[in-house]
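Just need the whole structure built from these sequences, with the hints factored in.
Note that the sequence shown covers residues 1 to 147 in full-length UniProt numbering.
Hints listed in this document are in silico derivations from the structure and should not be mistaken for laboratory results. Where hints are given, some of them may not hold.
As a list, the in silico BS3-like pairs of lysine-lysine whose alpha-carbon atoms are at most 27 Å apart [what the hints assert, rightly or not]: (1) Lys66 to Lys116; (2) Lys142 to Lys116; (3) Lys116 to Lys43.
Cβ-Cβ distance ranges computed for the label pairs, FRET-style [unchecked claim]: (4) Ser81 to Tyr48: 21 to 29 Å; (5) Ser119 to Gly67: 15 to 23 Å; (6) Asp107 to Lys43: 36 to 44 Å; (7) Gln29 to Asp126: 53 to 61 Å; (8) Glu31 to Thr80: 27 to 35 Å; (9) Glu122 to Leu97: 16 to 24 Å; (10) Asp78 to Glu122: 34 to 42 Å; (11) Ser98 to Lys43: 17 to 25 Å; (12) Asp26 to Lys136: 39 to 47 Å; (13) Glu72 to Thr135: 21 to 29 Å.
Don't be surprised by glycine CBs; every beta carbon is placed ideally from N, CA and C.
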Amino acid sequence: MKSLQPFFAPIFLSLLILTACSNDDDAPQAEPTPEELLTETGKWYIEYMENEIMDDCDKRTSYEFKGNTNTEIWYYTDDTSSDCQIAYTKTNNFEWLSDTQLRVLDDDYPYELTIKSISETEMTADFYSIVNDETKEMVFDKNPGEG
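Now the structure itself:
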């Protein structure tokens with residue numbers, strides 16, 4: 001029996017090492033930051049704007065924040081035949097003021113968004129119009145024209 005012990009000991013140690021659990025397997029995944037959720041999840045559609053009546057056409061208006069420096073906005077409106085049409089698109093630069101606040105550098109209508117809550121599918125933010133010195137709460141989601 002003593003002669004088999006040196007033979008089995010290295011095999012047993014090898015198996016023990018190969019089947020040992022890694023600390024990395026149990027490490028918690030880091031939560032995405034507001035910046036990552038805003039810029040890496042695609043278009044955000046307006047679902048609600050405080051003190052505004054919004055129809056399904058208005059709710060097709062979308063924002064897409066790209067590369068942490070620019071945003072594309074697609075504004076929709078009802079035309080004279082009551083069909084929902086794209087009114088215009090606009091591309092602006094933006095800058096982060098903090099982890100949850102950004103300023104859109106629109107030459108005509110600059111504004112700030114302060115993210116109050118955000119997930120992969122919904123965002124609530126305060127929209128501050130610099131021109132009008134007015135703040136409105138907005139809710140965005142991933143569904144055009146739907147709640």
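| field | Violated hints - listed by number, lowest first | value | The structure breaks hints 6, 7, 8 and 10; every other hint is satisfied.
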